[in-house]
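Novice: Could you build the full structure based on these sequences and the hints that come with them?
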Amino acid sequence: MNHAPLAAAFVKDRPRAEWHDATLWFVRAKRDKAAQSLPEWETLRECAAQIKAHTQYRLADYLEQFEREATKRGAVVHWARDAAEHNKIVLGLLRNRGVTRLVKSKSMLTEECHLNPYLERNGIEVVDTDLGERIVQLAGEPPSHIVLPAIHKKKEDVGAIFHKFLGTEEGATDPNYLAEAARAHLRAKFVAAGAGLTGVNFAIAETGGLVVCTNEGNADLGVSLPKLHIASMGIEKLIPRAEDLGVFIRLLARSATGQPITAYTSHFHGPRPSGELHIVLVDNGRTGIRANEDFRRSLNCIRCGACMNTCPVYRRSGGHSYETSVPGPIGSILAPAGDPAKFYSLPQACSLCGSCTDVCPVKIDLHHQLLTWRGELGRQGLISWPKRLGMKLGSFMFRHPAVYRMVGAIARKLTPWLPRAVVYNRFNDWGRQRELPEFPRESFRQQFERRQREQQR
Amino acid sequence: MNSKDRILSDLRSQQLPAAELPSLDQAWTRYEDPSAQFTSLVESVGGRVVRLPSQGDLPAALAEIQAFTAAQQIVSGVAEIVGNVDLTQVDDPHALETVDFAVFPGEFAVAENGAVWVTDERVPHRAIYFITQHLALVVAADQMVHHLHEAYARISLGTSSLGVFISGPSKTADIEQSLVIGAHGPRSLTVFLIG
Chain A
1 MNHAPLAAAF VKDRPRAEWH DATLWFVRAK RDKAAQSLPE WETLRECAAQ IKAHTQYRLA
61 DYLEQFEREA TKRGAVVHWA RDAAEHNKIV LGLLRNRGVT RLVKSKSMLT EECHLNPYLE
121 RNGIEVVDTD LGERIVQLAG EPPSHIVLPA IHKKKEDVGA IFHKFLGTEE GATDPNYLAE
181 AARAHLRAKF VAAGAGLTGV NFAIAETGGL VVCTNEGNAD LGVSLPKLHI ASMGIEKLIP
241 RAEDLGVFIR LLARSATGQP ITAYTSHFHG PRPSGELHIV LVDNGRTGIR ANEDFRRSLN
301 CIRCGACMNT CPVYRRSGGH SYETSVPGPI GSILAPAGDP AKFYSLPQAC SLCGSCTDVC
361 PVKIDLHHQL LTWRGELGRQ GLISWPKRLG MKLGSFMFRH PAVYRMVGAI ARKLTPWLPR
421 AVVYNRFNDW GRQRELPEFP RESFRQQFER RQREQQR
Chain B
1 MNSKDRILSD LRSQQLPAAE LPSLDQAWTR YEDPSAQFTS LVESVGGRVV RLPSQGDLPA
61 ALAEIQAFTA AQQIVSGVAE IVGNVDLTQV DDPHALETVD FAVFPGEFAV AENGAVWVTD
121 ERVPHRAIYF ITQHLALVVA ADQMVHHLHE AYARISLGTS SLGVFISGPS KTADIEQSLV
181 IGAHGPRSLT VFLIG
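Protein sequences, first through last, are from chains A and B. Under the working numbering, the first residue of the first sequence carries the number 1, and numbering increases by one thereafter. Under the working numbering, the first residue of the second sequence carries the number 1, and numbering increases by one thereafter.
Read the hints as simulated data drawn from the structure, not as lab findings. Keep in mind that the hints are not guaranteed to be accurate.
One-sided excerpt, in silico: chain B residues whose CB lies under 10 Å from chain A [stated by the list, open to error]:
#1 Gly56
#2 Asn113
#3 Ala153
#4 Gly158
#5 Ala183
For lysine-lysine, the following DSS-like pairs were computed, each having C-alpha atoms within a straight-line distance of at most 30 Å [what the hints assert, rightly or not]:
#6 Lys12/A x Lys227/A
#7 Lys30/A x Lys12/A
#8 Lys4/B x Lys72/A
#9 Lys4/B x Lys227/A
#10 Lys227/A x Lys72/A
#11 Lys12/A x Lys4/B
Built from N, CA and C at the ideal position, the CB exists for glycine as well.
Specialist: Printed below as a string of structure tokens:
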């Protein structure tokens, strides 16, 4: 896969691309307002980063403590090394209880494991109950954003999808009307479900509990009606103490959407009376990332989506252009760790502006890691030859001042006289949407020397 | 080796730099008037706050709420309000799908974010908080903490199978970022602050 052609296809519909860009920037602006309303914002970020670093350091101990505490409270903990094992465990739990209908709240992990198609192939009806996720599920698409799964859809698109699948009026676009139709449709699914599956925002080692955050209340409905609650979580979701939640819950919703807290922040400890709680701990490449000093911090991510909302590349290319379950800056670090040959183009898409690093609530140095990835991909020979050749020539030029001066002099004198077709053509990607500035007659060095002479006089 | 042992031994074979947990005893923001802060936050997320001198004023206050007077099925966890659906008599929470209004006590409120802490400790079916069409929570005004750090200091997690911060009614902005109140859960949330 390659990010660039997919992004090019996305920006072809210019008004829609501009709308997408503006919509996400609006969310970013709300995040700024929420962050600026708390004088202790930077202290919270620093605490969050330290808690995560400590948890990583002692992850094995905390996982064992979590299992002990969760088991004490009546939950059953399962361990899965990879996606296939996770999916098998979930299917087994459903099959053993004769469950054929599953309601799911948001879980990026199950996207990563491709759980839905696996269960569907095995005769289980899977209904994503988050409204945004339901929209993309009906459309047959993956989510394009981890917090706002249907952010790429306009209300006209949602109206058309709901008309086709839920029987709403043709051409209806009123969000209130459409959400009401989804409410009725999904309530029936909640009532009919034999099990509810949730993701996990935080798991607490000290208490063996899980925290799930939603605005709709869909996770809570999904695990309060059926008897079986399955919670799927990556092993990096752990935090040591209950009090650590104070830091993360304060950061999460403010970073994600600018809300002070989600409508529902639910803490589950053991199953409800006469119910069952099964927790699946999934590795799926996480220990591999943890082993790598350069990319370890990417596991600190709490999936708020702030890096996506602020990223000039993500906003202008859309989540689907990344072809990963987690797109945007953090996805561009995580995906190549799993499959460098497939996702080599993602770190290249970054402009290294650093905005993601500024907004990250757990202080992941995202753009530094993206730059590190480029070097790593270069060493692995995963960079295209024109780029490699360009880099080599550039490197040679910058290491040889005389060559640099000569190239500069030629460019300054020659370029303004060249016919347009020689400068702007299909080999010059840079010039497709940009114009070169007017070339100065003197180089910086010449100007500097002239001024010094003038001053001395 | 099973998956658990494998994951744990992989993790233990890696040498990571030691890192200490930070102290969370910091100078967190406190509010001059926590009730006012709480009220403005609840209103900003689509909820309502009604201040009452005493719990005895609840029946009169609820009589002014249209969703309550129009409700066919009412569940109450508050002594002053008599409901007509008794949760202890309900075997299967699916039967609660037709509940119109529920009123329950909240343990405490959080000024910082307009949230109220509730648990299923004395509630036989936790689904009621989410399945009812309208929800009201009753909290003593002096049970107000400034921020979440104070909140977690007073909760003992693990004593009930569910504890939840509820802030406003159920909502979604998944259709073009337009805010719609009443996604799956309650279409309205009223918080009665007592005293």
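Novice: So, for every hint listed, does it hold in this structure?
Specialist: Now the hints, each set against the structure:
1. Gly56: 30 Å, violated
2. Asn113: Where the cut-off is 10 Å and the nearest Cβ of chain A is about 4 Å from Asn113/B, the hint holds.
3. Ala153: Nearest chain A Cβ about 7 Å off; hint holds.
4. Gly158: 4 Å, holds
5. Ala183: 4 Å, holds
6. Lys12/A x Lys227/A: Violated, because 48 Å separates the two Cα atoms, which is more than 30 Å.
7. Lys30/A x Lys12/A: 28 Å, holds
8. Lys4/B x Lys72/A: Roughly 18 Å separates the two Cα atoms, so the pair holds.
9. Lys4/B x Lys227/A: Satisfied, since the Cα-Cα distance of roughly 26 Å is no more than 30 Å.
10. Lys227/A x Lys72/A: 19 Å, holds
11. Lys12/A x Lys4/B: 48 Å, violated
Comparing the model with each numbered hint stated earlier shows that hints 1, 6, 11 do not hold.
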